[in-house]
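Whole structure, please, built from the sequences with the hints as guidance.
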Amino acid sequence: MPEQQVSVCDESIYDQLYREHAEKICYYLYYKYGDMEKAQDIVQDSFAKLWMNCSKIIFGAAKSFLYKIANNASINEAIHQKTVLKYKSTPQKTYTNESPEFQMEEKEFMDKLNQAISGLKEGQREVFLLNRIEKKTYKEIAEMLGISVKAVEKRMHLALVTLRKKIGKI
Amino acid sequence: MNKSDNNFLGRWLANDLSEKEKKEFENTPEYLAYKDILKGVDKFERPVFDIEANLQKQKEYNQTYLKNVSKGSKVIKLRPWLYAAAAVFLVLIGLRTVFFNTTTINTNFAETKTWTLPDNSIVTLNAKSTIEYNDRSFTNDRSITLDGEAFFDVAKGSQFTVKTKNGAIKVLGTEFNVYSRNTTIEVQCYEGKVSVNNGKNQAILTPGKGVTSIDKSALNSVEIKESEPGWMQQKSTFNQVSLGRLIAELERQYDITIEKGDVDTDRLFSGFFTHTDLNTALKTCFEPMNINYIFKSSKTIELKNR
Chain A
1 MPEQQVSVCD ESIYDQLYRE HAEKICYYLY YKYGDMEKAQ DIVQDSFAKL WMNCSKIIFG
61 AAKSFLYKIA NNASINEAIH QKTVLKYKST PQKTYTNESP EFQMEEKEFM DKLNQAISGL
121 KEGQREVFLL NRIEKKTYKE IAEMLGISVK AVEKRMHLAL VTLRKKIGKI
Chain B
1 MNKSDNNFLG RWLANDLSEK EKKEFENTPE YLAYKDILKG VDKFERPVFD IEANLQKQKE
61 YNQTYLKNVS KGSKVIKLRP WLYAAAAVFL VLIGLRTVFF NTTTINTNFA ETKTWTLPDN
121 SIVTLNAKST IEYNDRSFTN DRSITLDGEA FFDVAKGSQF TVKTKNGAIK VLGTEFNVYS
181 RNTTIEVQCY EGKVSVNNGK NQAILTPGKG VTSIDKSALN SVEIKESEPG WMQQKSTFNQ
241 VSLGRLIAEL ERQYDITIEK GDVDTDRLFS GFFTHTDLNT ALKTCFEPMN INYIFKSSKT
301 IELKNR
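Chains A and B are the protein sequences, given in the same order.
Going by this note's numbering, the first sequence wraps up at 170, each residue one higher than the last.
Going by this note's numbering, the second sequence wraps up at 306, each residue one higher than the last.
The reader is advised that the hints may include incorrect statements.
[Unchecked claim] Here are the computed lysine-lysine pairs in the BS3-like style, where the Cα-Cα straight-line distance is at most 30 Å:
| # | chain 1 | residue 1 | chain 2 | residue 2 |
| --- | --- | --- | --- | --- |
| 1 | B | LYS57 | A | LYS135 |
| 2 | B | LYS43 | A | LYS135 |
| 3 | A | LYS112 | B | LYS67 |
| 4 | B | LYS35 | A | LYS136 |
| 5 | A | LYS165 | B | LYS20 |
| 6 | A | LYS150 | B | LYS22 |
| 7 | A | LYS154 | B | LYS35 |
| 8 | A | LYS166 | A | LYS63 |
| 9 | A | LYS165 | B | LYS43 |
| 10 | A | LYS139 | B | LYS39 |
| 11 | A | LYS154 | B | LYS59 |
| 12 | A | LYS112 | A | LYS154 |
| 13 | A | LYS135 | B | LYS20 |
| 14 | B | LYS39 | A | LYS165 |
| 15 | A | LYS107 | B | LYS39 |
| 16 | B | LYS39 | A | LYS136 |
| 17 | A | LYS165 | A | LYS112 |
| 18 | B | LYS113 | B | LYS43 |
| 19 | A | LYS166 | B | LYS22 |
| 20 | B | LYS35 | A | LYS121 |
| 21 | A | LYS63 | B | LYS67 |
| 22 | A | LYS68 | B | LYS57 |
| 23 | B | LYS39 | A | LYS24 |
| 24 | A | LYS68 | B | LYS35 |
Simulated from the structure, these hints should not be mistaken for lab results.
As the structure is a prediction and not an experimental result, all values here were calculated from the model.
Right, here's the structure in full:
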């Protein structure tokens, strides 16, 4: 069984794990907390812990180890953190045939939407953004978070309803 | 859209609705609002995560992380005897609180204090005096230690004991005054019955009677006329006491120093002095004794024979 021979301590294997998972974990944390810097810090810590314990962790379990560490770390740090999402809107086109009024309205709408997403519950936001921006399927999200597909559907539904109500109010 | 259907929109996004459901939903006013939201969300961009650059950073970080962790996780173990010492210490503190929780009340120069004991007896302390009793056992044995002078108004009940180094006073419920300083003890009874025992002799006092004794010698009985000790009315009364004791009492009541010079402190004095005015007090004490007094400073007085 060649699987058994693969060691996480092997640098090429470690690099492979990093290339495969670091980005995904980072975005996952970003969607959850809305803070890219913190997400990167947690990713760094998680991979450092993986490196430190590389001899004890078999290759197949590395992924779940990383997610577990990332989740624990974020729980510790997120308690008092107020989430602020900073989304870049798409770069302005150099020319446009839209009226200035329309552009204003659109900008206003995007601000409202941004604010509404920041105000979502953690669980709803991570699911919603993983689906809409990362284009992950419900099944993938369910596996990632360790919840059922049904629960993902429900969170998507609630996220949308909340967003609509909030935008209507603001 | 059915309100109780709490994953309807979730299914819609996953394209998991039946044709009929979809048609119905597209005709509701909310449909466009949701469409707008999704369009808006699509315009958002996620920040960049540069995998290769971050991997390089990660490797540097791993180096420092390993160093920090191996440094930071040094565990210093307590030596076993330290545990033992800590345990013994705790036990001693526990014993102390159980057996030696005494209450001590002190008065300073020129100060009197009234204190209610746990049995509702009232003690008034004259200047420079101390009482001490054990909180736990007091309610059972009503025993109190005195150094100095105090007036007791003892609540009725079991035997009440005042211990001094010059003798013990036992009562059942009375008012009495105890003076015990150096080797002198004086007890005056104002109400009830008081038993005085200085180790060699014993006397039972009835109201209006008192005893004095020096160096545990025989108890000399004294008649008293007042209804309570003079010092309770801010004066000190003396009946045939040495000049030395009078001077000591002046020093206590006024917080002053008296230099005796060549004055004979064994002469006897009868009379009283007030606690409220030093000049009057000095006059009443030393004029009749033919002694001059001079203020060397506000707190120091020098005596001289005339």
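These are the hints, each one checked on the structure:
| no. | hint | verdict |
| --- | --- | --- |
| 1 | LYS57/B x LYS135/A | holds (28 Å) |
| 2 | LYS43/B x LYS135/A | holds (13 Å) |
| 3 | LYS112/A x LYS67/B | violated (46 Å) |
| 4 | LYS35/B x LYS136/A | holds (19 Å) |
| 5 | LYS165/A x LYS20/B | holds (26 Å) |
| 6 | LYS150/A x LYS22/B | holds (19 Å) |
| 7 | LYS154/A x LYS35/B | holds (18 Å) |
| 8 | LYS166/A x LYS63/A | violated (37 Å) |
| 9 | LYS165/A x LYS43/B | holds (20 Å) |
| 10 | LYS139/A x LYS39/B | holds (23 Å) |
| 11 | LYS154/A x LYS59/B | violated (40 Å) |
| 12 | LYS112/A x LYS154/A | holds (23 Å) |
| 13 | LYS135/A x LYS20/B | holds (26 Å) |
| 14 | LYS39/B x LYS165/A | holds (17 Å) |
| 15 | LYS107/A x LYS39/B | holds (13 Å) |
| 16 | LYS39/B x LYS136/A | holds (17 Å) |
| 17 | LYS165/A x LYS112/A | holds (11 Å) |
| 18 | LYS113/B x LYS43/B | violated (83 Å) |
| 19 | LYS166/A x LYS22/B | holds (24 Å) |
| 20 | LYS35/B x LYS121/A | holds (21 Å) |
| 21 | LYS63/A x LYS67/B | holds (25 Å) |
| 22 | LYS68/A x LYS57/B | holds (22 Å) |
| 23 | LYS39/B x LYS24/A | holds (23 Å) |
| 24 | LYS68/A x LYS35/B | violated (35 Å) |
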